[in-house]
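Enquirer: Residues per chain, in single letters:
2 protein chains.
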Amino acid sequence: MSGASLDFWFDFASTYSYMAAARVRAAAANAKVSVRFRPFLLGPIFKAQGWDTSPFNLYEAKGRYMWRDLERECADLKLPFRKPDPFPQHSLLAARVALVALDHPWGDEFCVSVFRAEFGEGKRIDDPATLAGILEDLRIESSPVLEAAQSDANKPRLRQQTERAQQLGVFGAPTFTTADGELFWGNDRLDQALRWATRA
Amino acid sequence: MSGASLDFWFDFASTYSYMAAARVRAAAANAKVSVRFRPFLLGPIFKAQGWDTSPFNLYEAKGRYMWRDLERECADLKLPFRKPDPFPQHSLLAARVALVALDHPWGDEFCVSVFRAEFGEGKRIDDPATLAGILEDLRIESSPVLEAAQSDANKPRLRQQTERAQQLGVFGAPTFTTADGELFWGNDRLDQALRWATRA
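Top to bottom, those sequences are chains V and A. Numbering follows our numbering, in which position 74 of the first sequence is assigned residue number 77; successive positions increment by one, without gaps. Numbering follows our numbering, in which position 149 of the second sequence is assigned residue number 152; successive positions increment by one, without gaps.
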């Protein structure tokens, strides 16, 4: 690594974050950029914009398009894709577990696995059994992790991370931010964000 | 041309349509795809979604991001960029003139020139003098074109074109549509749209 770094902001319910999560580690390694996974909640940010659910549910034509676009883009990336039911999934628990996971070397892998379970296998990510299964597949004992995730010590961390995202100007996911304050929104901007991060 | 074709839907007020208009002819020629320029009005489509102006004005963080993103992307494309004042520009007159222009071989060039005047040179596109100047630069006598644009025969054409866009599921601009009914939204999807158009 050259010292270049990028923050990857995502909500587990976010469709385009699925693609970004699947691509970001290889793309960043290629560009010699270190990536920090930063889960947050879109809910409070959408609420501040007057939305009580995903804009893809609120705006019908846009939603219909998004599902078709996702299907095409996943096919190009050879990523499995199934529309989650319900959509959006409730991502609070998964995000809390992810914060605990990201204190460990297997945290990134956990996050990518949650996305794959949700959008590739049609699993519900608000079901603790789904998250426990992912942890066990990573050979991590799940109970202590799930307990730590739901502890009073952990809950404020997610709120703080969401507030930090909002302060940075994040309004959707995925978003990439650089150390010098640039913000790149969308899976479509991953390459630009990596190029920016490696500028002198 | 192989027979492959693509429709390019745009509103002259649309920021990302500026970049698409600047790129589309060379990219399409490269892919051996013929492109049909199809101006329409976003206003009625936004209104149906409950918006009375550009979503970039309604959603502050998104708007701030868009201007920065546009600045970066235009720099990458080596396209001049100035933020229009006011934004969005009133695009009705320019769209009516464009429909007349597009009956002629110089129609595409006219459209690209309108975008450049607006986003590259900071000119007001609701000013007939701007449009007349563009026509004269193309060595076209401007008065008959501007008259035809404002005629009772021409006005319904723009309404019909906007209705057609809405029927196709267009919810923003630029949008690319293929003969087999695929829809691609955004300057970021131009390459995918061209690849789709040349399938089979």
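Errors might be hidden in some of the hints.
Each pair may be met inside one copy or between any two copies, as identical chains are not told apart.
Said to hold, decoys possible - With a straight-line cut-off of 30 Å between C-alpha atoms, the simulated DSS-like cross-links for lysine-lysine are:
#1 Lys65 - Lys86
#2 Lys50 - Lys126
#3 Lys35 - Lys81
#4 Lys158 - Lys81
I should point out that these hints are in silico values taken from the structure, not numbers from a laboratory.
Enquirer: With reference to the structure, classify each hint as holding or not holding.
Expert: So, going through the hints one by one against the coordinates:
Taking the shortest Cα distances, Lys65 and Lys86 sit within 30 Å of each other both inside one copy (15 Å) and across copies (26 Å). Taking the closest pair of Cα atoms, Lys50 and Lys126 come within 30 Å of each other only inside a single copy of the chain (26 Å); across copies the shortest separation is 37 Å, beyond that limit. In this homomeric assembly, Lys35 and Lys81 come within 30 Å of each other (Cα to Cα) both inside a single copy, at 24 Å, and across copies, at 26 Å. When the C-alpha separation of Lys158 and Lys81 is checked against a cutoff of 30 Å, the pair qualifies neither within a copy, at 36 Å, nor between copies, at 46 Å.
Hint compliance for this structure: hint 4 alone is broken.
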